[in-house]
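Following the hints, complete the assembly by docking chain B onto the known chain A.
Listed below are the residues making up each chain.
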Amino acid sequence: AQRVTQPEKLLSVFKGAPVELKCNYSYSGSPELFWYVQYSRQRLQLLLRHISRESIKGFTADLNKGETSFHLKKPFAQEEDSAMYYCALRADYKLSFGAGTTVTVRA
Amino acid sequence: DAGVIQSPRHEVTEMGQEVTLRCKPISGHNSLFWYRQTMMRGLELLIYFNNNVPIDDSGMPEDRFSAKMPNASFSTLKIQPSEPRDSAVYFCASSFEDTAEAFFGQGTRLTVV
Numbered sequence: 001a002q003r004v005t006q007p008e009k010l011l012s013v014f015k016g017a018p019v020e021l022k023c024n025y026s027y028s029g030s031p032e033l034f035w036y037v038q039y040s041r042q043r044l045q046l047l048l049r050h051i052s053r054e055s056i057k058g059f060t061a062d063l064n065k066g067e068t069s070f071h072l073k074k075p076f077a078q079e080e081d082s083a084m085y086y087c088a089l090r091a092d093y094k095l096s097f098g099a100g101t102t103v104t105v106r107a
Numbered sequence: 001d002a003g004v005i006q007s008p009r010h011e012v013t014e015m016g017q018e019v020t021l022r023c024k025p026i027s028g029h030n031s032l033f034w035y036r037q038t039m040m041r042g043l044e045l046l047i048y049f050n051n052n053v054p055i056d057d058s059g060m061p062e063d064r065f066s067a068k069m070p071n072a073s074f075s076t077l078k079i080q081p082s083e084p085r086d087s088a089v090y091f092c093a094s095s096f097e098d099t100a101e102a103f104f105g106q107g108t109r110l111t112v113v
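If you're matching them up, the sequences are chains A and B in order. Under our numbering, the first sequence has 88 at position 88, and the numbering climbs by one with no breaks. Under our numbering, the second sequence has 101 at position 101, and the numbering climbs by one with no breaks.
Treat the hints with caution; some may be incorrect.
Beta-carbon label-pair distances, calculated as ranges [to be verified]:
#1 B/T111 / A/R43: 16 to 26 Å
#2 A/Q45 / B/M40: 18 to 28 Å
#3 B/E14 / A/R53: 49 to 59 Å
#4 A/K65 / B/R22: 33 to 43 Å
#5 B/S87 / A/T5: 20 to 30 Å
#6 B/S66 / A/A107: 40 to 50 Å
#7 B/V89 / A/S26: 25 to 35 Å
#8 B/N52 / A/T5: 30 to 40 Å
#9 B/D63 / A/D92: 20 to 30 Å
#10 A/S12 / B/N71: 38 to 48 Å
#11 B/D63 / A/T60: 39 to 49 Å
#12 A/R41 / B/G28: 23 to 33 Å
No lab work stands behind these hints: they were computed from the structure. Cβ atoms here follow ideal geometry from the backbone N, Cα and C, with glycine treated the same way.
Same shape as in the complex, but just chain A (with noise of 0.2 Å):
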């Protein structure tokens, strides 16, 4: 069975600090792992996925198969941040949201 666990239901930071959002999985094979975030009465959509490693609005997110871990990290956070953050996995077409974080970031 397939499970993501967000440990954190609310973060909030101030401008211009760095932000991680923390992610961990649990899965048996090799999982496709993802960020979706949803902004303020807008859909959500897709942020960043681990097989594309690339940064996205600054965030970026390394898999870490050993600590079964993929955590989201900005330098320095920024007001229009402020969203819920949903870590995913994906396995046999499945996919399978964490409980999600409200971010909060404050001037």
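Relative to the frame of chain A, chain B by itself:
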């Protein structure tokens, strides 16, 4: 393409009534997911279809919930009878299996009073 289309956007119903939520996936996508979003549990996968066939419905909370996908362009999620604890935002998402990115609808906010 307008993306994944869900209807209605908002639904308020009385306890005990039947509720039907509708979803039109993106044309060409062959995977469809129904999710429920609540403050307490976040985004829960209820059921997913592949090529119109239900593959995994282990997330459906009770027999009161049922979902169908009669063709590649339409799916329904039905709750009968509805209860106040069913109040949540219900999302539909679709994807083309090889690309893996899921595209979400805008959700249906269900309130059962």
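Is 20 to 30 Å a correct range for the gap between the Cβ atoms of B/S87 and A/T5? Holds: the Cβ-Cβ distance is about 25 Å, inside 20 to 30 Å.
Indicate whether the distance between the beta carbons of A/K65 and B/R22 respects the range 33 to 43 Å. 40 Å, holds
Do the beta carbons of B/D63 and A/D92 sit within 20 to 30 Å of each other? 25 Å, holds
Within 49 to 59 Å or not, the Cβ separation of B/E14 and A/R53? 51 Å, holds
Should the hint that B/S66 and A/A107 are 40 to 50 Å apart at their CB atoms be regarded as holding? Since B/S66 and A/A107 have Cβ atoms about 47 Å apart, the given range 40 to 50 Å holds.
Taking the beta carbons of B/T111 and A/R43, is their distance inside 16 to 26 Å? 20 Å, holds
Outcome of range test on Cβ distance (B/D63, A/T60; 39 to 49 Å): 44 Å, holds
Taking 23 to 33 Å as the stated bounds, is the beta-carbon spacing between A/R41 and B/G28 within them? 27 Å, holds
Taking the CB of A/S12 and the CB of B/N71, does the distance hold inside 38 to 48 Å? 46 Å, holds
Is 25 to 35 Å respected by the C-beta to C-beta distance linking B/V89 and A/S26? Between B/V89 and A/S26, where Cβ atoms are some 26 Å apart, the hint holds.
Within 18 to 28 Å: is that where the Cβ-Cβ distance between A/Q45 and B/M40 falls? 23 Å, holds
Should the hint that B/N52 and A/T5 are 30 to 40 Å apart at their CB atoms be regarded as holding? 32 Å, holds
In summary, the structure agrees with every hint in the numbered list given earlier.
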